[in-house]
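Asker: Starting from the structure of chain A, add chain B where the hints point.
Protein chains: 2
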Amino acid sequence: MVYISVLGYGTVGSGVVEVLKQNKDIAARHAGQEIEVKYVLDLRDFPGDPVQEKIVHDFDIILNDPEVEIVVEVLGGVEPAYTFTNQALCAGKSVVTSNKELVAKHGAALMETAKAHRTNFLFEASVGGGIPIIRALYASLTADHITEISGIMNGTTNYILTKMYEEGAQFADVLSQAQAYGYAERDPSADVDGYDACRKIAILTSLTNEQSVNYEDIYTEGIRKISAEDIRYIKQMGRNVRLLACARKNERGMYAMVAPFLLEPDHPLFHVNDVFNAVYIDSDMLGATMFYGKGAGKLPTASAVVSDVIDAVKHRGALINMNLPAQQMRLLDFDSFVCPFFVRVRREDLPEIQKLLPVAQELEPLIENEAAFITEPVSQAAFAAAEAKVPVISRIRIYT
Amino acid sequence: MVYISVLGYGTVGSGVVEVLKQNKDIAARHAGQEIEVKYVLDLRDFPGDPVQEKIVHDFDIILNDPEVEIVVEVLGGVEPAYTFTNQALCAGKSVVTSNKELVAKHGAALMETAKAHRTNFLFEASVGGGIPIIRALYASLTADHITEISGIMNGTTNYILTKMYEEGAQFADVLSQAQAYGYAERDPSADVDGYDACRKIAILTSLTNEQSVNYEDIYTEGIRKISAEDIRYIKQMGRNVRLLACARKNERGMYAMVAPFLLEPDHPLFHVNDVFNAVYIDSDMLGATMFYGKGAGKLPTASAVVSDVIDAVKHRGALINMNLPAQQMRLLDFDSFVCPFFVRVRREDLPEIQKLLPVAQELEPLIENEAAFITEPVSQAAFAAAEAKVPVISRIRIYT
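Protein chains in written order, with the working numbering: chain A, 1320 to 1719; chain B, 1320 to 1719.
Only chain A is shown next, with the shape it has when bound in the complex (with noise of 0.2 Å):
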């Protein structure tokens, strides 16, 4: 028998709960031994539910019990999961999370913390949900260079932006409709701004180079701009538009971004709708891998939290061995990013950005008084310089 406790008792906690509820058989199978709850750490009591007994208020309850041997980080945000996560660590007891915040800012410290008291930190749940990437990264593409990351990492942007293809609907009408059904916060900006992405796409180019990726060096861009206008044109062109965390490796180094592209139907992102996420990986000797699933919800969480507590127990006393570089890394200036771009502007305005910027393909326009077309691949440096001459109505980069 392993005890473990679980710090919130919130969406995510209580699914951790309900996961090793109901599939004690298959966990015990998989760890070797019963895994059970002992506390379970709130502000709130929960009268009538089963958990009250173990609820605790106190964190030093769990931090000094020497039978509690794992610890299940739920909380969400930096405090005081990084002050409770890393005493943990420090008493010897692993530590599992599903908070990208913690991970994508303190993740460095906390993996040096584990490994200098011979215990682990895992954080599959704060990547794509109940997708298998973190571990995938570590412990299965180890023979490879990976050169290319890019996901759809965030469920709520790809829900809006698939209703919006699929209805024609403006942004705001979606991102209301999708507030009053629970699928987006009240205040959407870490999803709909692409703050969250951002942080998940730091931690797997950190977890996959010898240095690790500070999520405030990304350049970050979310959907708000995205019209029906666009989704136009985009279905005229035969594309799509995905909120892409990408990270891309060249022999200079490494640009990291999150922003809308567009894709191309041969493209296995093309296909991810709704609030499912996928992970497309470009390595050296597999080429392309892609890993798709739900990227959030209770219990695809919470089952991804489980599998990392059933590893956590196999490997009692042992390393594993997962990396989280301490130093951090210089991501190549993003100005320099070379893609093509689709392009809407006023009809008047197109012979004077024609001179600014090489045209690829000149699209049939669908709006009255205005043209579109497509760019040559361009830097951003050189696309900025003539959005600052001529102003454009829309632009979206177009993945290549």
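Misleading hints may appear alongside valid ones.
A pair counts as met if it fits within one copy or between any two copies, since identical chains are not told apart.
To be verified - Below are the DSS-like pairs computed for lysine-lysine, each with C-alpha atoms no more than 27 Å apart in a straight line: (1) 1568 x 1343; (2) 1482 x 1554; (3) 1482 x 1633; (4) 1373 x 1357; (5) 1434 x 1633; (6) 1544 x 1633; (7) 1424 x 1434; (8) 1617 x 1357; (9) 1617 x 1434; (10) 1617 x 1373; (11) 1568 x 1617.
Bear in mind the hints are in silico, worked out from the structure with no lab data behind them.
Answerer: Chain B only, in chain A's frame:
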């Protein structure tokens, strides 16, 4: 430094040597130490090839060298692969294999031998080539009851079906073309008759259950009967046809089968084209997940082999908890498996067969003097009984 030996310097074996040479740095970083190929067993000599100095013709040299800790078996076929693998495990060496015949036939016994000698038997590359599906099943999807595994697990047949769809060509013509390009073997039976996919689904289901599935018990049907005429109807329906290897559980037990199925565009397997493979999994907590990538080829397969070698190094002296049970499962009788069928009959036979099979939808006939329809879900037994009374031109199962 860890010394390994490679049995067989064919496509995969030479790939393993190449991956370990080209990506020596990254393999060492993940393994925690350098990995060196000490011997390569092959009947042939390779004068001029740098591997020549490592070539041995006698397995006992490898077996009796205590410096060799890991043996990579990429000979293919059951013998001498089984004998060598068994001897290596008994000598306390870990074995990594890409050999699906070996794993499907002797996997459970070899796993038992490995455990008895506190060493590891790993076979990531035996299913899905470079797709890390095996490790996902034993190390990541450990908190879930898996209710379905459905995969496109054979690249040759997927290439053929993709070309038939794109070009409207007949099976025999596309097969000859694939043989000319080297995508299909001169004797294509293992691929096109489904035997390869059958072994792979047997391995995946055995890994995820408390009993093993004997591949000989799995209903197996290939793609030889799919015609250009069928494809015309399939396009008209907006569907696609794929050779699926499936295992599905219900309260009573498990069905397993390999057969062509029609898919709808909203299924993630629909978009898996050419030589790509993908494995779709449904489970009680995670829901739908899919793993996509190159199912074959020298470097993708070698990369999966090397990732297992790295895992074996990381787990020196420790057992990797993977389950390949000795006890065999009794599958549900395939006769009772229920699905809808797409059916083509001579027009004159339509009234008669409609008395025997419930029709869900009649299709616009595309070929003179014939009728085509989709049935309601019916059992295989009921369909076979109808087919025995009224001849059908063709029939393909529909995935639901």
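Asker: Hint by hint, say whether it matches the structure.
Answerer: Comparing the hints with the structure gives:
1. 1568 x 1343: between (43 Å within a copy, 19 Å between copies)
2. 1482 x 1554: Cα proximity of residue 1482 and residue 1554: in one copy and across copies (13 Å, 26 Å).
3. 1482 x 1633: neither (42 Å within a copy, 46 Å between copies)
4. 1373 x 1357: The answer is within: 6 Å in one copy meets 27 Å, while 56 Å across copies does not.
5. 1434 x 1633: both (16 Å within a copy, 15 Å between copies)
6. 1544 x 1633: neither (47 Å within a copy, 48 Å between copies)
7. 1424 x 1434: Within one copy only: 18 Å inside, 41 Å across.
8. 1617 x 1357: within (21 Å within a copy, 49 Å between copies)
9. 1617 x 1434: Result: close neither inside a copy nor across copies, 30 Å intra and 36 Å inter.
10. 1617 x 1373: For residue 1617 and residue 1373, only the intra-copy Cα distance (20 Å) is at most 27 Å; the inter-copy one is 53 Å.
11. 1568 x 1617: Only across copies: residue 1568 and residue 1617 sit 24 Å apart there, 34 Å inside one copy, limit 27 Å.
Hint check: violations occur at hints 3, 6 and 9; the rest are consistent with the structure.
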